[in-house]
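*Asks:* Residues in the sequence shown are numbered from 1 upward in steps of one, following the working numbering.
Worth double-checking, as some hints may not be accurate.
Quick list of in silico lysine to any residue cross-link-like pairs, SDA-like style, CA-CA up to 25 angstroms [as the list claims (entries may be wrong)]: (1) Lys127 / Phe232; (2) Lys178 / Phe168; (3) Lys339 / Asn52; (4) Lys25 / Lys71.
For the record, the hints were derived by calculation from the structure and aren't laboratory data.
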Amino acid sequence: MRKFFLSVIISFCLLNLAAQSGNKKAFTLVIHGGAGTILKSTMTPEKEKAYNQGLEAALQAGYKVLNNGGKALDAVEASIKVLEDNPLFNAGKGSVFTNDGRNEMDAAIMDGSNLKAGAVAGVTTVKNPITAARAVMEKTEHVMLTGAGADKFAKQAGCIIVNPSYFFTEPRWKALQKAKLEDSLNTIKKNGLLKQPGNHDYKYGTVGAVAVDVYGNLAAATSTGGMTNKKFGRVGDAPIIGAGTYADNNTCAVSCTGWGEYFIRLIMAKSIADRVEFAHMNLTDAANEMVMKKLPALGGDGGLIAVDKQGNVAMPFCTEGMYRGYIKSTGEKVIKIYKE
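Full structure from sequences and hints, please.
*Replies:* Structure follows, in structure tokens:
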């Protein structure tokens with residue numbers, strides 16, 4: 001009789017575990033590495049492979065978190081840190097140079113479960129700006145810190161601090177010299193101020209990640225080195241909540257990349273969330289309307305990634321290419337660079 005009851009208990013436990021396994025909730029992670037004039041005709045096989053490997057590494061970092069039952073917030077930070085450490089992408093180690101030869105980085109992160117957010121702008125000594133942004137969210141009552149104050153706070157908060165020389169890369173330095181030369185040849189004066197160069201490619205390069213975890217919580221994160229040859233302490237859309245970064249469990253999580261000034265004017269990320277919530281649009285239609293219609297109509301271009309609570313993914317862009325990819329709990333994985 002004792003053996004009978006023992007076998008019944010074991011069977012019940014096995015059935016319960018099987019049921020739990022069958023009911024395991026899904027998760028989705030989406031990343032981007034910037035949008036712009038990205039053409040297969042100008043990409044060497046070696047460089048294409050390097051970009052694909054970089055995107056793969058970022059996806060795997062976030063996937064590991066989510067697959068182990070971790071939070072969306074931890075997953076997007078993990079993915080962003082991998083991209084920030086990769087000199088191929090314009091964030092962290094691969095950040096572009098300002099007009100005066102500095103690397104000034106911006107980043108933002110948002111928790112869709114409570115609408116808490118943190119951001120930094122113009123930091124110069126923080127190895128991983130996304131971690132500083134999260135520290136602002138979790139360790140202060142503020143949303144955004146800028147410049148020297150943000151660097152000082154990041155150090156006090158325990159972020160890894162490096163010498164600014166850490167961010168130097170030869171390709172980014174050469175890009176600055178080229179941009180400055182073109183700028184000097186095409187300078188337009190208006191009201192005594194210099195406009196930014198007209199070459200759109202100097203405006204692109206951002207990394208981002210959005211995710212929904214097994215608990216149904218959403219998160220978004222974005223990090224960038226900004227615009228090559230930027231002047232006057234320019235800040236783009238990436239660290240501005242609602243413009244380049246947004247997450248709300250009721251709607252979606254969004255991270256943008258492109259010509260930041262236009263994303264700010266359109267309040268791009270929040271506008272997509274509002275279309276989902278108030279116009280009852282699906283995620284794809286909402287994202288396409290903003291990126292493929294509203295953005296170019298205003299004169300800008302770029303792209304974004306987005307995910308909703310059901311794990312639906314949107315990755316629209318109106319440039320020649322966008323480094324992008326996603327991975328799901330089912331094992332489905334996609335990594336792309338060029339237009340379809």
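*Asks:* For each hint, tell me whether it holds in the structure or not.
*Replies:* Comparing the hints with the structure gives:
| no. | hint | result |
| --- | --- | --- |
| 1 | Lys127 / Phe232 | holds, 23 angstroms |
| 2 | Lys178 / Phe168 | holds, 16 angstroms |
| 3 | Lys339 / Asn52 | holds, 15 angstroms |
| 4 | Lys25 / Lys71 | holds, 13 angstroms |
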